[in-house]
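Novice: So the sequences go chain by chain: A, B, C and D.
Numbering-wise (the working numbering), the first sequence opens with residue 4 and increments by one.
Numbering-wise (the working numbering), the second sequence opens with residue 4 and increments by one.
Numbering-wise (the working numbering), the third sequence opens with residue 4 and increments by one.
Numbering-wise (the working numbering), the fourth sequence opens with residue 4 and increments by one.
One or more hints might be untrue.
If several chains are the same, the list does not tell them apart, and a pair holds so long as it fits within one copy or across any two.
Capping the alpha-carbon separation at 30 Å, the derived lysine-lysine pairs in BS3-like fashion look like this [unchecked claim]:
id, residue 1, residue 2
1, Lys225, Lys134
2, Lys267, Lys301
3, Lys267, Lys134
4, Lys341, Lys310
5, Lys301, Lys225
6, Lys77, Lys126
7, Lys134, Lys77
8, Lys225, Lys77
9, Lys152, Lys267
10, Lys310, Lys267
11, Lys341, Lys267
12, Lys152, Lys134
13, Lys134, Lys301
14, Lys301, Lys341
15, Lys225, Lys310
16, Lys126, Lys301
17, Lys126, Lys225
Calculated directly from the structure, the hints in this document are not laboratory data.
In case you want the letters, here they are:
There are 4 protein chains.
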Amino acid sequence: MILFTNDYTEGCHPAILEALTRTNLSQQVGYGFDEYSVHAIELLRAQLNNPAADVHFVHGGTIANLLVLNAFLKSYESVIAAQTGHIFVHEAGAIEATGHKIEVAATPDGKLRPEDIAPLLQKSPPYHTVKPRVVYISNSTEIGTTYTKAELTTLSEYCRANGLLLYLDGARLPMALAATPDLTLADIAQLTDAFYLGGTKCGALLGEAIVINNPALQPDFKYHLKQRGALLAKGRVLGVQFATLLQNGLLFELAAHANAMAQKIARVVQELGYEMLTVSETNQIFPILPNTVIDQLKDEFGFYVWKQVDAQQAAIRLITSWATPEEAVDQFIVALRKYSQG
Amino acid sequence: MILFTNDYTEGCHPAILEALTRTNLSQQVGYGFDEYSVHAIELLRAQLNNPAADVHFVHGGTIANLLVLNAFLKSYESVIAAQTGHIFVHEAGAIEATGHKIEVAATPDGKLRPEDIAPLLQKSPPYHTVKPRVVYISNSTEIGTTYTKAELTTLSEYCRANGLLLYLDGARLPMALAATPDLTLADIAQLTDAFYLGGTKCGALLGEAIVINNPALQPDFKYHLKQRGALLAKGRVLGVQFATLLQNGLLFELAAHANAMAQKIARVVQELGYEMLTVSETNQIFPILPNTVIDQLKDEFGFYVWKQVDAQQAAIRLITSWATPEEAVDQFIVALRKYSQG
Amino acid sequence: MILFTNDYTEGCHPAILEALTRTNLSQQVGYGFDEYSVHAIELLRAQLNNPAADVHFVHGGTIANLLVLNAFLKSYESVIAAQTGHIFVHEAGAIEATGHKIEVAATPDGKLRPEDIAPLLQKSPPYHTVKPRVVYISNSTEIGTTYTKAELTTLSEYCRANGLLLYLDGARLPMALAATPDLTLADIAQLTDAFYLGGTKCGALLGEAIVINNPALQPDFKYHLKQRGALLAKGRVLGVQFATLLQNGLLFELAAHANAMAQKIARVVQELGYEMLTVSETNQIFPILPNTVIDQLKDEFGFYVWKQVDAQQAAIRLITSWATPEEAVDQFIVALRKYSQG
Amino acid sequence: MILFTNDYTEGCHPAILEALTRTNLSQQVGYGFDEYSVHAIELLRAQLNNPAADVHFVHGGTIANLLVLNAFLKSYESVIAAQTGHIFVHEAGAIEATGHKIEVAATPDGKLRPEDIAPLLQKSPPYHTVKPRVVYISNSTEIGTTYTKAELTTLSEYCRANGLLLYLDGARLPMALAATPDLTLADIAQLTDAFYLGGTKCGALLGEAIVINNPALQPDFKYHLKQRGALLAKGRVLGVQFATLLQNGLLFELAAHANAMAQKIARVVQELGYEMLTVSETNQIFPILPNTVIDQLKDEFGFYVWKQVDAQQAAIRLITSWATPEEAVDQFIVALRKYSQG
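Please build the complete structure, drawing on both the sequences and the hints.
Specialist: Next comes the structure, spelled out in structure tokens:
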């Protein structure tokens, strides 16, 4: 069975395994001070156009989120997120476990705009509520949508005008950037106080790069990594991977492939007259299909039924990855056409 | 320069890289439910002689310790450790960050015995102090020493008689078992409520296996992994490694090599008439050498000066690993003999 | 200006000051083991019809909530509340600060029913979300409404059938019971796993009585008090007050007075043809009045404008207390009639 | 039986009960913004000679300590204390429960000096240990000793030179100041970043005044009070008490009485040739008496046996309070003389 359930069903890009093998027996200092990590940080800073960016490689997205938010928030401060935000729904209370409340706004497309945030800033009486301090967004979002450069700029300006920090969960940032031609890593660095750049879903075995742009938030961040069990003894494992992915644009090439695979299916979905639950140009799409079609597809392909839309049809979630072969996509398309005619 | 600073200065055993490469493109479900992790758990349960053992692979030792201790302790309960315990000294307050106090006993050899623990159980008045609940030990310890089977049995019985749980930090458990012929993994499983078996320091890129033997402590443990950011999307990365290490005794073979390399140096140290700071049969040794000798060795070899013993001499820490070539050890021995004559 | 802003604007019932004075120089042991606290616990257990109830007096409602919820919840477990729940809105993230997520249901009347809870029990995938464990309700609620005995019984049975604990925030439980003739303290003890009985809003200087009915949740609770700074050295201060309030039904007499004062206003509100925002038979009422009337009332009386209903009218919150003189209420009524004619 | 077990065995100074009664029915706003609290803060600021001091009244010492330390410390920062420090021994892990490690120095007299602190500032390697940030001292200490003005000045300068904050637990600060003529509240305000001034042990029913002198640490502190359940609805209860105690020097008069009572006993102890365990000029003394004498005293007086000194004798702890009648002291002296002759 071919799985479209996730973008972490395969291992890693072969160039990473080659690099791990090539560097394997070199003796290196631990905890992220190895030469590969140092090199990867240099590569990333260059692409960020910020030589002073504070960069830390960690093993996953939930740890990245909890490290950053706990470091940025005082005990009584909260983080604002969309109701679909990964931190609110699917991290088993990781942020609350560090002592902080998440306040949410319901938004149809998983994106936050100033008007979603403004009501959450009206608190009374003083001291009896939490005090919002960080705005958390995902790009691409948990439902495949993306921010335009204009939207991000507006949001960034709003945050700065209101004493809020802007943090971007970039588990699928490579896909978002690949799908948004006028938006670059350097823009992200300029518009956010911090973000993380995803590796796990974009060709790495594991690894995300936390980037802290705001100098006031940089000091001592590595203490948080150690205290939360995120300072890998063999930091090289992450350094080698990011050095590989950041060389010659491999990361964004892989993201573009993941996007292209999903979008190839999306075009057929639309051609067949089906609606989409969300507007997505990335590697996650949510076609709304008749239950009968879904049932037949299920026998051959792995995917999640996301949401029952009415008695006859449901939205399914299809995710493609850097490793999805075009043949798998074509096979899905053939099946979809066939069952749609039935 | 040859490094004897740590047992995580190299990558991983080549068999692991081969296994990662071989399995790389197989599509697998995430979060540790992949077939490699399932297989690794089966292999481990067989060696534990406990088919009901609860096993979870995580990425490092600090996270293993904080996951287990936070899961086992109620808010007001404490963990007892030796003053040299890794959780007390070198985890940046990771256990306290989960809300728990560590109570310590000063012991000369880094090991805990009932008489070290007993005074910490005398608390008064009720409710004004924390309530001890877990005893944390390391084997081998942070200073290279090891528990005999008799010592562990006595400690285990004492804990059970006093309503205490026994948890063993096994970052270097393979080395301890390789150095203690009558002690097996199955013994450890029987004598402790939980422990972790180290991979990072024994040939893996990263990875430790948490084993919960006590059935009352098993339910829902995976929630803790997710909440603390330790549930890897690509759990296969750990599963493949442990499946490799646990096959045909590779893990213990690598540990035996690490031990043998350090002990080869140890024999020469003693032959030259130097003392050791601690009694070690494992891969960490602490020779006490004249400062002049240390200064000369430092130009060629990397190691830590552990403790100034008097004005003329200091204990240094030498650590060998699964990857230490015998030539490196021989080179060190030649240098040590030369500077000792000087 | 007469304040209807809250039920804690005055000090305490004179009988409490007399009791504090009478017992003042008697030497007593500390931390709640004094004879007055012991006596108050006996009085309460008798009214609960549960000689084994575990009772702890604390200084306020937020501390009561955080003590109970933190004691009952494991790290990854959540508490379910109404969106208007005090713990969710007005405790500055106190529950999250102990590491726990609050999950909310939007309910129009501030009350929870099984159908509000059921959707929150559907979680997937396993381990990626928090796990609901406690249901938190308030009676009377934050918007003045009350549970009937039948509603509480249904909710209690639902919780037990679904492995959920039921905890009742009783900041204004005396008012709720005074307004619900067939519901008694003994019923509350039987239907909940724990609750607290409010003193601060019902005639005490400060103090709430936490009652743990479920024996499995009782052991060691006092440790939590000490650890969160809630074990008063002079526990007598709370014991003397509760002994006074629980003697001869004083507590419920005061609550009935508070209710009667608000309901006297409510009758006039309705007679004048105004709507109420919520159905309340307790000491909190939310009349919807024309803005012009509100503006005039504001010059003479203190109260909160709760919610703008439309351009012309708003709901205001009026709260009366054990100490509200009937003349103050009459004065308000006179003013309301006058401005309503204008 | 007359109790010398503690300085919180009685209620409060009668002037407080009178003030509570006098102000009882005045309607006041809640949460510490009432006129009595405002007035008490003004009185205190005047005595501190610091009109900008940030003052918060709370209900007890443990909550004061955990509020201040949690507010001042980042996640990875630690507090340094003497091994006898109340926060380390007798607060049931309250500080650790907020996520912070306490690092201790063993000192014979319960006082910290720069040389006790210096070794704790030597940490290596970076990021693997906690980072000390606050120095916690008690005055008078848990064993009755006091700091001279010179000692406090030296310590304060050392802290400032080393980037450490100095926080003083003043549960018995009135006794310390009463026993140290050249040291004033204004000195304490100048030499520390924050402290609390004890009320519970000095004539109040309950209450401590947290004073934050360092302006950088003042913003938003009241959020912490609310979040930890320490913002009393009827803040007047604390305001009235402190207004009473701070008027006309009542607080220090009561402390002087407490000291005088203990010192009267101390003079007889010494006259009879007994040693003291610690040098105390305050209301806690630790005479070393023969076991036979202790056994006889125990039948008539309540006190703790603090420490077995050898087979024949033990140190006992005697505490007197603002309420201790001189006759009780005289009775103890008579008994001590009698049994000592026996």
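Novice: Now tell me if each hint is right for this structure.
Specialist: Hints and how they fare:
1. Lys225 / Lys134: both (26 Å within a copy, 12 Å between copies)
2. Lys267 / Lys301: Classified as within: same-chain Cα gap 19 Å, cross-chain 61 Å, threshold 30 Å.
3. Lys267 / Lys134: Classified as neither: same-chain Cα gap 45 Å, cross-chain 38 Å, threshold 30 Å.
4. Lys341 / Lys310: within (23 Å within a copy, 56 Å between copies)
5. Lys301 / Lys225: For lysine 301 and lysine 225, the Cα distance is within 30 Å only across copies (28 Å; inside one copy 45 Å).
6. Lys77 / Lys126: Intra 17 Å, inter 25 Å, cutoff 30 Å: intra and inter.
7. Lys134 / Lys77: both (9 Å within a copy, 18 Å between copies)
8. Lys225 / Lys77: Answer is both: 18 Å inside a copy and 13 Å across each meet the 30 Å cutoff.
9. Lys152 / Lys267: Within one copy, since 25 Å is at most 30 Å while 59 Å is not.
10. Lys310 / Lys267: within (22 Å within a copy, 50 Å between copies)
11. Lys341 / Lys267: Answer is within: at 17 Å inside a copy they meet the 30 Å cutoff, but 70 Å across does not.
12. Lys152 / Lys134: Classified as within; 28 Å inside a copy, 38 Å across copies.
13. Lys134 / Lys301: This pair counts as between: shortest inter-copy Cα distance 29 Å, intra-copy 46 Å.
14. Lys301 / Lys341: This pair counts as within: shortest intra-copy Cα distance 14 Å, inter-copy 71 Å.
15. Lys225 / Lys310: between (40 Å within a copy, 26 Å between copies)
16. Lys126 / Lys301: between (48 Å within a copy, 22 Å between copies)
17. Lys126 / Lys225: between (34 Å within a copy, 15 Å between copies)
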